[in-house]
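There are 2 protein chains.
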Amino acid sequence: MAKATRMTKQKKVILEILQNTNCHPSADWVYEQAKKLVPDISLGTVYRNLNVLRDSGEIIELNYGSTYSRYDGKPQNHYHFYCEKCTQLFDVAIPVYQGLDKMVQDTTGYEVKHHRMEFYGLCNQCRE
Amino acid sequence: MAKATRMTKQKKVILEILQNTNCHPSADWVYEQAKKLVPDISLGTVYRNLNVLRDSGEIIELNYGSTYSRYDGKPQNHYHFYCEKCTQLFDVAIPVYQGLDKMVQDTTGYEVKHHRMEFYGLCNQCRE
DNA sequence: GGGGTGAGAGTAACAGTTACCGTTAATTTA
DNA sequence: TAAATTAACGGTAACTGTTACTCTCACCCC
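Protein chains in written order, with the working numbering: chain A, 1 to 128; chain B, 129 to 256.
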């Protein structure tokens, strides 16, 4: 049987913060926001719950583009754009190429479960 | 004028190690290999040169899929497959989708310079 | 209410990476 | 080719993001 997991106040707050933001925040940013709602929350708790939520598929961890992980409250696969100047992450509104996994599986013989794609360049504000 | 940059024995060794391997090693693995050729090389020197070579476009830094960076001596863009069991990285021999950057640029308005794609799943050895 | 236990707070430890500083050696100039 | 210049070196300490530890708390079922 699956391990029991409780929905604590802290975990709920962390999940809601991620679901209600369009940015792709770091653990530290989540911690700062969570402190406003649960003043004595611990940074360790934030990290623990981010990992728990990631393992249960409720959020996505984005660990590329910089030295720290960012988190995304939308668990559906989608692509991202990383601005090389301001280091912000943006969602890219193009459809996920569903057939790609099977194509790579047929080419390589590996069992392909999913893929990720990121685009790099300059965002609108940083273009000039 | 561009800053002068020297081709030292250490830098040369690091670049050759990366160009002559098919794996996608960590800085530490490169360090171990380099020590065989330059016994008193320092880990700091390995990191410094990996960053220099990455900045000059001679190698690629792959900073996703685990807690440490891996390096790839082939600077041409290509896709990678990450085995979620044995944590090895493999090259994927499908052509890079060149038109994608332009398509995303037209969709988003961002200036797209390049993209990366990684596939996740199980490699041949880990499938059974 | 009492016993069991998953999760919390607080903090120490850890890993990968970077920065510092005195020294060495690659390159330039003569 | 020898001297001068200075980027890069080796060795090490520090830094950063993350995880682990320990003790305590709060929830749940009877």
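Hints in this document: simulated from the structure, not taken from any laboratory. Don't take each hint at face value.
Claimed, not checked - What the simulated footprint calls covered on chain A by chain B, stretch by stretch (three residues with Cβ under 8 Å from a Cβ of chain B suffice, anywhere in the stretch; the number is not a length):
1) 23-32
2) 106-120
Stated by the list, open to error - Just the calculated beta-carbon pair ranges, DEER-fashion:
3) A:Val96 <-> B:Asp183: 27 to 33 Å
4) B:Lys140 <-> A:Asp91: 41 to 47 Å
5) B:Ser170 <-> A:Asp91: 56 to 62 Å
6) A:Asn63 <-> B:Arg255: 33 to 39 Å
7) B:Gln233 <-> A:Leu43: 37 to 43 Å
8) A:Arg54 <-> B:Lys163: 35 to 41 Å
9) B:Lys140 <-> A:Lys113: 38 to 44 Å
Virtual Cβ for every residue (Gly too), placed ideally from N, Cα, C.
Checklist entry - Do the beta carbons of Val96 (chain A) and Asp183 (chain B) sit within 27 to 33 Å of each other? => result Once the Cβ atoms are compared, 32 Å apart, the range 27 to 33 Å for Asp183 (chain B) and Val96 (chain A) holds.
Checklist entry - Does the Cβ-Cβ separation between Lys140 (chain B) and Lys113 (chain A) fall within 38 to 44 Å? => result 40 Å, holds
Checklist entry - Honestly, do Ser170 (chain B) and Asp91 (chain A) meet the 56 to 62 Å range at C-beta? => result About 42 Å separates the Cβ atoms of Ser170 (chain B) and Asp91 (chain A), which means 56 to 62 Å is violated.
Checklist entry - Between Arg54 (chain A) and Lys163 (chain B), does the C-beta distance stay in 35 to 41 Å? => result 37 Å, holds
Checklist entry - Can the stretch 106-120 of chain A be counted as covered by chain B under the rule of three residues or more with Cβ-Cβ separation shorter than 8 Å? => result holds (count 14)
Item to check | Verdict on chain B covering the stretch 23-32 of chain A, where coverage means 3 or more residues with a C-beta closer than 8 Å | outcome: Violated - the stretch 23-32 of chain A has 0 residues with a Cβ nearer than 8 Å to chain B, which falls short of three.
Next on the checklist: Taking 37 to 43 Å as the stated bounds, is the beta-carbon spacing between Gln233 (chain B) and Leu43 (chain A) within them?
Outcome noted: 38 Å, holds
Item to check | Arg255 (chain B) and Asn63 (chain A) - C-beta distance against the hinted 33 to 39 Å | outcome: The hinted range 33 to 39 Å is violated for Asn63 (chain A) and Arg255 (chain B), with Cβ atoms some 25 Å apart.
Item to check | Range hint 41 to 47 Å (beta carbons of Lys140 (chain B) and Asp91 (chain A)) holds or violated | outcome: 42 Å, holds
Of the numbered hints stated above, those contradicted by the structure are hints 1, 5 and 6, listed in ascending order.
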